[in-house]
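**Student:** If you want the building blocks of each chain, they are given just below.
4 protein chains.
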Amino acid sequence: MIDVGIVGASGYTGLELLRILSKHVQVEKIFVAASASNKNKILHIIKSFNGSKSFSAVDFDSNKLNECDVVFFATPHGVAMKKASSLLKSGVKIIDLSADFRLKNPKEYIKWYELQHSEKDLLKEATYGLPELYREELKTSRIVAMPGCYPTAVILGFYPLLKANLINTKNLIADCKSGVSGAGKIAKTTTMFTAVSENFTAYGLTGHRHWPEIYQELDLVVSKANLQTESTTNTTGLLFSPHLAPMIRGIEATLYCELNEETLDVDVKKIFEQEYKSEPFIEILPDGVNPETSSVRGINTVKIAVNRPIHDKTLRSNRVRIYVVEDNLVKGASGQAVQVMNIMFGLKETTGLELTSLIP
Amino acid sequence: MIDVGIVGASGYTGLELLRILSKHVQVEKIFVAASASNKNKILHIIKSFNGSKSFSAVDFDSNKLNECDVVFFATPHGVAMKKASSLLKSGVKIIDLSADFRLKNPKEYIKWYELQHSEKDLLKEATYGLPELYREELKTSRIVAMPGCYPTAVILGFYPLLKANLINTKNLIADCKSGVSGAGKIAKTTTMFTAVSENFTAYGLTGHRHWPEIYQELDLVVSKANLQTESTTNTTGLLFSPHLAPMIRGIEATLYCELNEETLDVDVKKIFEQEYKSEPFIEILPDGVNPETSSVRGINTVKIAVNRPIHDKTLRSNRVRIYVVEDNLVKGASGQAVQVMNIMFGLKETTGLELTSLIP
Amino acid sequence: MIDVGIVGASGYTGLELLRILSKHVQVEKIFVAASASNKNKILHIIKSFNGSKSFSAVDFDSNKLNECDVVFFATPHGVAMKKASSLLKSGVKIIDLSADFRLKNPKEYIKWYELQHSEKDLLKEATYGLPELYREELKTSRIVAMPGCYPTAVILGFYPLLKANLINTKNLIADCKSGVSGAGKIAKTTTMFTAVSENFTAYGLTGHRHWPEIYQELDLVVSKANLQTESTTNTTGLLFSPHLAPMIRGIEATLYCELNEETLDVDVKKIFEQEYKSEPFIEILPDGVNPETSSVRGINTVKIAVNRPIHDKTLRSNRVRIYVVEDNLVKGASGQAVQVMNIMFGLKETTGLELTSLIP
Amino acid sequence: MIDVGIVGASGYTGLELLRILSKHVQVEKIFVAASASNKNKILHIIKSFNGSKSFSAVDFDSNKLNECDVVFFATPHGVAMKKASSLLKSGVKIIDLSADFRLKNPKEYIKWYELQHSEKDLLKEATYGLPELYREELKTSRIVAMPGCYPTAVILGFYPLLKANLINTKNLIADCKSGVSGAGKIAKTTTMFTAVSENFTAYGLTGHRHWPEIYQELDLVVSKANLQTESTTNTTGLLFSPHLAPMIRGIEATLYCELNEETLDVDVKKIFEQEYKSEPFIEILPDGVNPETSSVRGINTVKIAVNRPIHDKTLRSNRVRIYVVEDNLVKGASGQAVQVMNIMFGLKETTGLELTSLIP
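Chains as they are written, first to last, in my numbering: chain A, 764 to 1123; chain B, 764 to 1123; chain C, 764 to 1123; chain D, 764 to 1123.
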């Protein structure tokens, strides 16, 4: 049994952590840190999860956090960075859902988040919390940077083909659509009902913070694959286009890439099935089933469809199209964070994540 | 003043034609053809447009249609094909919103619509009703095949760069998202509120009827451009991915392509602005404005944004990204059909199309 | 031809005024007043209505307003009150869409709007802008208080039966449901997409500003009816329950009342048909048609259904149920304001209001 | 541990039963009955609940159902009636979510469901499955008629005041709003996305099948209360107005009634708190919290707010307003059915119903 701290429980990812951890059989106590002004709100929220667990609201600087086994940060960027060092010294593990430890190059952090990085050593130490790529590293990590919602979908979608060195690494395209909860809980005119309902919007035309994160991780996969083959030194090129769909939850990513000439006859679906065959939270969709975000609402599963689309007059095209759907707040954030916690503490990876989708 | 017939007014594009034509100052009488069983419904619909025009519901085979100046078909495929010849003989012009005269190769028609084409001569004669590409031809056409909703957006998005021979014609990608009205008015489980709300779906994974149509038109532009430059013979390659967004109206198309090496320094936005500078229904968005479907809801305008997205570590990438938004029932169907009618009859092209978007 | 000023064009009712007035054939110039900081925004908005009218953005205190024939206030409460007097002195008529001149008793204004009323004489002079009740008075009014969105629906629903002295005036119940645009354009957590979508909320449990307004008007109708019959002195009792529905536009009001014993055999639908038979913007629905807000989206029409619902084991119940649907931004605000302008200036009442609903 | 059969698992209430029972720790085997044509679909659905339980798809007439401890019917009306007798003979208990055993008077059944009732003895035996009213009876019932979704909300809302003989029983009004899932899973034009989104509709103007059901149960409460007080013989009068809101799940009921003269000073909220103080699935909302359907999405809790609304110029009004929110598919259907099963089998009443709402 482990004790858990959560910093920032009033946002969407914090709430989702509470929803999931409140049913987690290996979690004993949950300490939710809040500022004095926010505490009543937190106590109200906690009350709705009442009965099943020992919940308490504590000060932002409470010693209770230092006594936890693990502390989750569901905070705006900049917060985890400040708190990490002292918690680690107390032997507390850290799972950060913010962007603070995602970008390995501190210069990129300044560029995209307009903030100097104060913990460059911890940045080096931090593991990127994507179990399908870093499960072994996570087992012994003290500090984990959870991937963003878009990066989870895009990286899992390109990974099998990149790893197997099957595609042109320069021509990766990710066209992504997200529900509005991805924009967070702060009221903005752009996320009002009147602005979002009956509207589909493209945004981030000149750049989006998830681009450097996806690029970094895909580039690492490409580098490893290059090393293995000892052949060419491929470079990585990625187009990433975020869009806002009029719904609360869900991300759909449609990915485009090109098989290398010599690998044209590969069975791409099989590549995915083999790569992910032991993964508890990845499902390769059978032919004929359309990828849809409602099928993963509220659950930690990513569903993937792969195909070779119609492209031109020839029968032989090298194009591959990959569809990925996830719940941005579950596999794209808090569910994956609990999955990572399970790995870090040697628990069964699916504990607390046997969730059922609400249909309809 | 012209007299107009509409066959198939109970579907969405038919209703939209009524909405627009009922305010068209150059239209005198409107005859709406319906089967006996549908007539009451049609009369009820017509009543809601009452007062402003002379509307009448007529039999499907009424002679009144033969006395019209123009007849619109807003019918399932197969209907216009049967009726076209006799109407043309009576001197009636035809604007067909169905797919019957879109694909110039009858073999493609059988392949995608599972129906033998019975009017191959008319097929040859028919003009593709996209004013921005075929305005001159439309002025003298007797029979016009209106583009599908997706094709309108995609073709207008790629056209300026293809025409100017600036991009790699083999690598065209169109990632498109549509509101549910595109699926028509027939009740299906996939278009029920419980299936669509809070859901984003990819469909048409193995092919979609709009692919051959888009491909045909883009390929024609490529061929013409090839001829002009007398240089290389480029081939056309197109990936097209339709998606369903939880909203009633609107299409957003995000298009990807690559500038040729020698044209890397071109100002792509300027190309669009010049190509479309006289177009009454195309607006190139200024930098900083996000393309959103609600901005064109109910109006005939297509809005386009163009940019050079972040791609890799170099500062010099050849990628271009184009965003197009339209109302699928207006510029994507009935509004464009009225625009074409205006051209065919020498009227001011914007007549009846001075529409205002409902915001919010 | 008249010149029109609009103060407060960036909110929803201001935008809707622009949408409607931009097509009004009797309006020549439109001056939109905005603070310096808001002017660019206004200019951008105006640009989208370009071509059809002479639009200009002016200072909040511009002399141009004093040269208008009429000035609309689409402002928060408190603004029109300050500006009214000086405009009237310049001979400008005033149509106020805010609450400043709605409540005849200044004490009620303080109570519900927490603001002292500074123009008690103008308050006495102001006409309540509901044409169906006050058409004659409006013809000669200098200053008009436009009804709120809920009051328009509720008053029009109860009016015919109250006027005819047919119902128990103590037992009026109005259960109302509104789209989110009624809450205005300011970003609040309660009107975010994530809070509203897939949610139906009751609010205003302890009172709502539209209660005193509806009560005042119904009570006036009751008093007049009492006078006419010279019989009993009925008192007025009204329950009003507002609810928020997950949609942008539309109000549905379900009204409940009881016929007096001696009037049990009256044909209630006929009462409505006769009362409203000359009204250009009221439609009594035929039996079998469900009242739905989408049927009035974007148009100035109110649709009303009346019936005698199942109530108990007897066949003879005195209960009446009235359903009213309207577009809260059109007949519930800006459309009705233009209707009032037409009346004030002796124009055809429907001018500029020949609107067509967008379906679907 | 009990074995459970489900007849009709492809509709929404059937699916919801599967969602809930698949996590029920006291349920061992689940047999899902389906016609041959539907079996594949059912197997596909069952697969998604895989791992946690022993699920099997069986024939509609399978003997396996006769070996279950309890069989749920989630079928259209008419089916349970046919099957009930033989199952009961095999010692199987029956929980019927359809309307077959709700109306105690077979004449009412014919009138509202247009079907002769073939099991009048069982009809007499059947208990109405509302635990808050019939918990004791349910403990020994063999056959239970689950309440409809609207009746659950309305009856629970009026019950405390009727039971305590505090209100005028002739003047009960229930204004109800439902999400679209209440209309079932069959595709109809009225439940398409294009018909429902951005639309609020009143329906059932001339009567709704839930009226006789609510009336019957409220009338029974009134009769009992009459007996207790031995005083007046009150009669029951109920207006019931169903509406369709543009959302998938949820019912909100706003109820109106009048306190008797002698009970004007009663603390109505306290009456509710006392009546329901031991109820695991009823929560009386504190003042200041708005009743909203999203707060009960996916959970078995009913939330109730009570107040004395503003009514007229006096400070002393006898009106009471009650708000009830529930998830129509959980407490309004399948969750309540599992609650009833727990009672029938002497299990802890909340087993399997410790559900968490998905927010946002």
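Where hints are given, some of them may not hold.
Pairs count within a copy or across copies, as identical chains cannot be separated in the list.
[Said to hold, decoys possible] Once the Cα atoms are required to be at most 30 Å apart in a straight line, the calculated DSS-like pairs of lysine-lysine come out as:
hint: 1; residue 1: K933; residue 2: K902
hint: 2; residue 1: K816; residue 2: K1111
hint: 3; residue 1: K802; residue 2: K827
hint: 4; residue 1: K827; residue 2: K987
hint: 5; residue 1: K951; residue 2: K926
hint: 6; residue 1: K786; residue 2: K810
hint: 7; residue 1: K810; residue 2: K1040
hint: 8; residue 1: K926; residue 2: K792
hint: 9; residue 1: K802; residue 2: K902
hint: 10; residue 1: K804; residue 2: K883
hint: 11; residue 1: K874; residue 2: K827
hint: 12; residue 1: K1076; residue 2: K987
hint: 13; residue 1: K1076; residue 2: K887
hint: 14; residue 1: K1076; residue 2: K1040
hint: 15; residue 1: K874; residue 2: K810
hint: 16; residue 1: K951; residue 2: K1033
hint: 17; residue 1: K1111; residue 2: K951
hint: 18; residue 1: K786; residue 2: K987
hint: 19; residue 1: K810; residue 2: K1032
hint: 20; residue 1: K816; residue 2: K951
Hints in this document: simulated from the structure, not taken from any laboratory.
**Student:** All hints, please: hold or fail.
**Tutor:** How the hints compare with the structure:
| no. | hint | verdict |
| --- | --- | --- |
| 1 | K933 / K902 | neither (32 Å within a copy, 46 Å between copies) |
| 2 | K816 / K1111 | both (20 Å within a copy, 19 Å between copies) |
| 3 | K802 / K827 | within (15 Å within a copy, 52 Å between copies) |
| 4 | K827 / K987 | neither (41 Å within a copy, 55 Å between copies) |
| 5 | K951 / K926 | neither (40 Å within a copy, 41 Å between copies) |
| 6 | K786 / K810 | both (14 Å within a copy, 23 Å between copies) |
| 7 | K810 / K1040 | between (40 Å within a copy, 17 Å between copies) |
| 8 | K926 / K792 | neither (40 Å within a copy, 43 Å between copies) |
| 9 | K802 / K902 | neither (33 Å within a copy, 43 Å between copies) |
| 10 | K804 / K883 | neither (34 Å within a copy, 43 Å between copies) |
| 11 | K874 / K827 | neither (35 Å within a copy, 48 Å between copies) |
| 12 | K1076 / K987 | between (36 Å within a copy, 18 Å between copies) |
| 13 | K1076 / K887 | between (50 Å within a copy, 21 Å between copies) |
| 14 | K1076 / K1040 | neither (35 Å within a copy, 34 Å between copies) |
| 15 | K874 / K810 | neither (41 Å within a copy, 36 Å between copies) |
| 16 | K951 / K1033 | neither (44 Å within a copy, 33 Å between copies) |
| 17 | K1111 / K951 | neither (40 Å within a copy, 42 Å between copies) |
| 18 | K786 / K987 | neither (39 Å within a copy, 42 Å between copies) |
| 19 | K810 / K1032 | between (46 Å within a copy, 21 Å between copies) |
| 20 | K816 / K951 | neither (34 Å within a copy, 32 Å between copies) |
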